[in-house]
Amino acid sequence: MHAAPWPAAEKRTLIGQRIDRIDGPLKTTGTAKYSYDINRPGMLWAKVVTSPYARAQIVSVNLDPAKAAPGVKAVWKDDDLSEVQYAGQIVAAVAAETEEQAEEAARAVKIEYKPLAHQVVDSDPARFDSKKERVGKRETGNVDDALGKADTVVTGEYGIPVVAHCCLESHGQVAEVRGGELYLWSSTQNVSGYSDRLGDEVDIPQNKIHVECQFMGGGFGSKFGYDKWGVISALLAKQSGRPVKLMLERDIELMTAGNRPSAFAKIKVGAQKDGTVTAFETDVWGTGGMGGYGPPPMPYVFDRIPNTRLSSRGLRTNRGGQRAWRAPNHPQGCFLTMSAMEDTAAALRMDALEFFLKNVALTDRPEIYTEELNRAAELIGYKQKSHPRGDPRPGPLKRGLGMSIHTWGGKGHPSDCDVTINPDGSVTAKLGSQDLGTGTRTIIDIVVAETLGLPVEAVRVEIGSNAYPPSGASGGSTTVGGVSASSRLAATAALNALLEVVAPKLGVTADALEAAGGRIRQSDKPDNSISWKDACALLGPTSITKRGSNNPDESQKLHLIDEGVGGAQMADVSVDVETGIVTINEMVAVQDCGLVIDLKTAESQVYGALIMGITYSLFEEAVYDAHTGRMLNADMEFYRLAGIRDVGQLKVHMMTGKGYDERGVVGLGEPPVISPGAAISNAVANAIGVRVPELPLTPDRVLAALKKGGMLA
Amino acid sequence: MPNQQHSTPGAGVSRRGFLKGIGVGTVATGLLSPVGLKDALARENGFVGPGEVPVTLNINGQNRALNVEPRVTLLDALRNRLDLTGAKKVCDRATCGACTVLVDGHPVYACTLLAIEAEGRRITTIEGLGTPTNLTPVQQAFVHHDAQQCGFCTPGFVVAASAFVREHPDATLDEVRHGLGGNLCRCGTYAGMMLAVVEAAKAKGGA
Ligand code: FES
Ligand code: FES
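The listed protein sequences correspond, in order, to chains A and B. In this text, residue positions in the first sequence follow our numbering: the first is -16, and each later residue adds one. In this text, residue positions in the second sequence follow our numbering: the first is 356, and each later residue adds one.
All clues stand as given, with none of them false.
Simulated crosslink set (EDC-like; lysine to aspartate or glutamate; CA at most 20 Å straight-line): (1) K634(A) x E554(B); (2) K93(A) x E66(A); (3) K16(A) x D447(B); (4) K508(A) x E483(A); (5) K249(A) x D127(A); (6) K516(A) x E497(A); (7) K16(A) x D438(B); (8) K634(A) x D529(B); (9) K60(A) x D186(A); (10) K488(A) x D507(A); (11) K251(A) x E122(A); (12) K249(A) x D266(A); (13) K583(A) x E554(B); (14) K529(A) x D494(A); (15) K93(A) x D62(A).
Think of the hints as simulated: they come from the structure by calculation, not from any bench. Note that the structure is a prediction, hence the values are computed from the model and not measured.
Construct the complete structure from the given sequences, taking the supplied hints into account.
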């Protein structure tokens, strides 16, 4: 019998290699069909009608003019809604024959509002009634005493605004009701769990709801639920008897379909002369819009600072509710903490790297961070390029280096997988997971192929449907661990069943056999073998199907999966102190993530995270107008994403091999997106000599900080 | 505050809504055999719309006849009328490049062109550039360098890159950065993309 744990390093032929994404050819040719691309026969287009007010009473909703508009086949309004609480909130919807007709009909809906007072500004807690806020307090040690005794106390104010998810495929789905069953093609991170409570809302039992998502254009934490638009599209489909496509418009997506909570903080750090931090006090506030608010973990990573105090306030603003955004709360906590730490190093006139290396003793993984920081320093040329805060060279272009460290859990989620071996030798793996672009399909293929000793092309992977064995939602870097464990378990079980059939033929017992190089062979006498195809032919007419179930705790004990990683990043930036423009010269990411299944897609995750990090560091902010309560940049021209020109040179180094691989698989999607804000902000401070306290590092903010620091003529 | 009567946001005349009213003289009716906008204009004394008008679009070497309202963009005509969904709708306002197609060999944002404006021009979409089993050099390089994650931006990039490498056979990284500056990716695939495009440019004539 073969055991499930991963094959030894010298036995792996696929795992850990750089393997092309198996659906790459579908994506590069435009053949991949996303939810947005599903066109069903007779399909209608739906458009939603949303509130222009940040807060208003709904006096009346008149759908009649929309019903009378050309092409309209179904209309909907929210009968339970008496007050809108943010601009962009959905009030009504229409479905029409063409997209243009639906747009026109949506404009024809007459809604009478009575505007009410609103609050959208989150940077100033004085605007809020402190009695209504959610307040948190936590203290370890004795902060006042420690600050009193510290050699240096550094105070600073920092802020990181609300940013959007801006998935290039906006949220939505195609819904179709046929024979009393509901078929949904949804852009979702959660095919297996998507319909969990949808049935009640649309009055169709859950066992008659079919969810499919073969390809989806980004989620980043904003596409777990069916959402209001999922219900609306199903109801419009029921009403009209026609399939309905409802994808959010870009402005509504940016305003309401995913907001990362903001975090503003006043921080006090106490340190000894040698750089050791002894106290860390944080007063943090921010908004999750109409959603909840939990403070970021503070101090971030440096959990073992002996004296810490955290007071937090969640400000309820009239904005769309927050959603998980890649590594929820970590980029905020990281930016606030690492900025304050680097400011402390600067106040002590200590080299930042030396300061970080000294204080990693106050984290949970000092050895890993030490190794990673040193590796990052090597890769970026820290020794040659570093200088104390403030580039001393003349001229308007100032250059600087900055760093940050981060952590994440990434333990695999529960996942079931069925692997089938057919008598003709073909193999299928099925599971109700989804590929967000992380490479999930490819990972499953590699694991099953490796286990069965076959090439990647020999395995067919079927995911993206709730008809398959259930697998967890793809969030929090839980997918790679979940699906690699379940597919390893399933493939191992299927192989063992096959070996039982083959063993008599080769005159040995099953546990003397292994699958390798497209053959079943005797482990210690490889010449005694049979080809995979001939082996499977011995099955007669019956396929083998075995289920693998990932129980995360059990799999962790088997070292199939693990949790908890560290990473270090460094940034090299140039700042033009005349224009305030920040340019990324180079970024380096050093990341640990246990056993890497596919090095190519793993590195892509890290490159992508760096780029997403550069974007929120330099450009991203949901800008709201205090007076009208509306988002001023709800389009992609003014809600800017980094382009290929903005990212500089990127270097990724994965910590693999001995000491890392044995841990098993750990998720990777979140961790590398955590540090860029802090690393880049620290680099800018190192370049220009003053802290730009808030992200994104736009020219106006840079110039304001220079002016405040007395550094502008 | 007094009660206010409001129509929905975005009410009023949109740019494209306005276009539908342009040149409305006679309403085109009874067009039995839609051969093209030119014919319709000739027949209707130079005025068509606001209802559907016939256009013939030359897409990937084939003439496709369809009826669209004058306000329909080329992108919506491709995606919603012809089921050519490789070009994506992301910003719909000339910012992201996800809808990029070639018009007479040049990359164009299909969301910025009306379908009726595209008549008589040679349109190449991603569907006209290689298949999963027969990838162009650009597509091969994209796969090899993993220049895609979710892949939603990828067709637009592949189309833009195909035109770029044809014109810049020895492109440097810097030229690639400028040449592909008109497309955006949220997943952050630029690192692989730069390598892919340089490699494809070396392989020459990617499309
Ligand atoms: S959809 Fe056309 S440029 Fe964005
Ligand atoms: S690969 Fe996802 S947007 Fe580019």
